[in-house]
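Peer 1: Using the hints, position chain B against chain A.
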Amino acid sequence: MKTPVTPGATESIEELRAQTQPSSELGPQPSPPRPFGLLAEITYRCPLHCPYCSNPVDYPTSRPELTTEDWKQVFRQASDMGVMHVLFSGGEPLQRPDLPELVAAARNVDLYTNLITSGIGLTPKRAEQLKSAGLDSVQISFQGDAEPLADSIAGVAAHARKCEAAQLVRELGLSLTFNVVLHRQNLERLQRLIELAEELGAERLELANTQYYGWAFANKELLLPTRAQLEEAERIALAAKARLRGKMEVLYVLPDYYGDRPKPCMNGWGRRYLTINPLGDVLPCPTAGVIKSLRFDNIRDHSLHWIWADSEAFNRFRGTAWMPPPCSSCERREIDFGGCRCQAALLTGDPANTDPACALSPHRGNLTQIVNHVQESLEPNGTSESRALSAPGWTYRTNPVAPLA
Amino acid sequence: MLEADRTRATDMTTDFLDQPIDSGMRLRLSPKARVRTDKISGKPALLYPEGVLLLNPTGAAIVELCDGQHTVAEMVSKLAIRYNSPPDRLSVDVTQYLGRLRDRELLEVVPEAKDSP
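Here the protein sequences line up with chains A and B, keeping their order. Each residue of the first sequence is one higher than the one before, counting from 1 in my numbering. Each residue of the second sequence is one higher than the one before, counting from 1 in my numbering.
Calculated directly from the structure, the hints in this document are not laboratory data. Nothing here was measured: the structure is a model prediction, and the numbers come from that model. Note that CB positions come from ideal geometry on N, CA and C, so glycine has one too. Mixed in with the good hints there might be a few duds.
Think about it this way: if two alpha-carbon atoms lie no more than 27 Å apart in a straight line, the pair counts; the simulated DSSO-like pairs of lysine-lysine are [to be verified]:
id	chain 1	residue 1	chain 2	residue 2
1	A	Lys247	A	Lys131
2	A	Lys131	B	Lys78
3	A	Lys241	A	Lys292
4	B	Lys39	A	Lys72
5	A	Lys72	A	Lys131
6	B	Lys78	B	Lys43
7	A	Lys72	B	Lys43
Among chain A residues calculated to face chain B with C-beta under 10 Å, some are [stated by the list, open to error]:
id	residue
8	Asn108
9	Asp110
10	Thr177
Label-pair ranges, simulated between beta-carbon atoms [to be verified]:
id	chain 1	residue 1	chain 2	residue 2	range
11	B	Gly68	A	Leu238	29 to 37 Å
12	B	Val92	A	Glu199	34 to 42 Å
13	A	Thr68	B	Asp67	30 to 38 Å
14	A	Asp350	B	Lys78	57 to 65 Å
One chain only, chain B, in its complex shape:
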């Protein structure tokens, strides 16, 4: 990115993109996206303007927890129980998956009510 451009990239969403997914973040699906079941494969499908993402079961479980209520750490805990997996290992996969959704601009960060310490 050019230096001149960087100075303009100051809004929160861009900051969000430039930093790693943080375990304290609360994420939710962008309002333009919604999930339904694909009639052909029976798999959950994430729909957004002119695009479709067919989700595997783990992906669907992650997307379901992007409800603005759970922090990323809480998502990992729930998934660790559900899939009987070590949280450390799962945390890497979940963070990567969320990063991919974020790169498609399908996730939003829920602003914190007050500043974090």
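Isolated chain A (complex conformation):
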């Protein structure tokens, strides 16, 4: 499971609405807004153990995984609500034997199907089945540019198999996105990572600085980069973006712990996207489970439309009426929507606070304290040279204790 923000979708939808339609054609925004994308986390099981995973550290285990029929029903309902994209994710979606059947069901209701995978389990036979089912695009995550670093981050020997999976995707003529989550242990391999994406024939490259949720939040002391690393990475990413224009789309997800303004998380709460976790809980974003004060309704108890439009959880932070100062009077409140509710919960204890990723947040100090602590411990002389890359003592992601049947 990669980071929860999907910048590509966000940019594309917003830009295109702005560019292709004069505002007079848009008319009043529907209330509630219509969803565009569904993140379908079909299982939490994963053969990888990445320490930056955004899955919950405390997996919910109150119910079994949704069945094939449950998901088919979800796709029909989502399509009727105007959803156009489904992103199959997890965990590792290839762990579900019924994945081709689920892809076919999503295609059957005209959804654009994206597979977000580690690549592990993508055998030639499986890939053929998925293509026949109508799979539109594949995103494979990489942890590094080569062994042994890549495998040490994944916690398992995976890198070589990922390269094979990427080749398979291209041989089948499917669109390939190369995704890498960036952090202190792999940022300095960025140039080589970009070259690997080129060698593998990727059409899109997502360079995603770690977002600190789930396992990543637990491991943040070992993942947070130095400012010098980030400056160099940004330079490399921008050069690649210019050089590869027309060959490969390069997306660089900014590290929001180091910025002054928060990301427009999910493009607003309950505004464009919804997530369904393996148990069938419907959430405004994949990490919203950290907000313990909210109860997320389950697709087995309610219709998707009711949950989206009427449930308490989806309405709690929708729009701008819930906002505290300084968001409530901020001219950017319809641009970044007060940032991320999960980040506010993690860093301030209250999801209704302004995201401390904003320099105007009264709780900004909570974030700068974390960042400064890392910087000071790494750069005692004010230089970026003293970093220990070997043997990080992080906590690898584990799978749910009780297998969900």
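Peer 2: Then chain B, alone, in the frame of chain A:
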């Protein structure tokens, strides 16, 4: 772009991006993109990895002609008849629109069977 980078940008797609849309080009949608009708607005929607483009009627008419068969000039002629517009004026709009789609990497140039004179 840095000089060192420029020397590496030699493949056809990059050349395509650096030149204006030519009236003789035959364009087609990238295989990763497809068009469907948006159930909410009834408008045509162009879908591609993690993105959606809601098309206005003119945009949809242009996209429909990106089939690898029509040259840009032929597209303009057809649209001029359909919308009863002067081809000269239309040509500018169509070229701009195609340029925007190209910048999103949603179009491909169909290679010519033989070299143009």
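Peer 1: Take the hints in turn and mark each one as holding or not.
Peer 2: So, going through the hints one by one against the coordinates:
no., hint, verdict
1, A:Lys247 / A:Lys131, "holds, 23 Å"
2, A:Lys131 / B:Lys78, "violated, 35 Å"
3, A:Lys241 / A:Lys292, "violated, 40 Å"
4, B:Lys39 / A:Lys72, "holds, 18 Å"
5, A:Lys72 / A:Lys131, "holds, 18 Å"
6, B:Lys78 / B:Lys43, "holds, 21 Å"
7, A:Lys72 / B:Lys43, "holds, 25 Å"
8, Asn108, "violated, 13 Å"
9, Asp110, "holds, 5 Å"
10, Thr177, "holds, 6 Å"
11, B:Gly68 / A:Leu238: 29 to 37 Å, "holds, 33 Å"
12, B:Val92 / A:Glu199: 34 to 42 Å, "holds, 40 Å"
13, A:Thr68 / B:Asp67: 30 to 38 Å, "holds, 37 Å"
14, A:Asp350 / B:Lys78: 57 to 65 Å, "holds, 59 Å"
Figure legend: structure checked against the earlier numbered hints; hints not met, in rising order: 2, 3 and 8.
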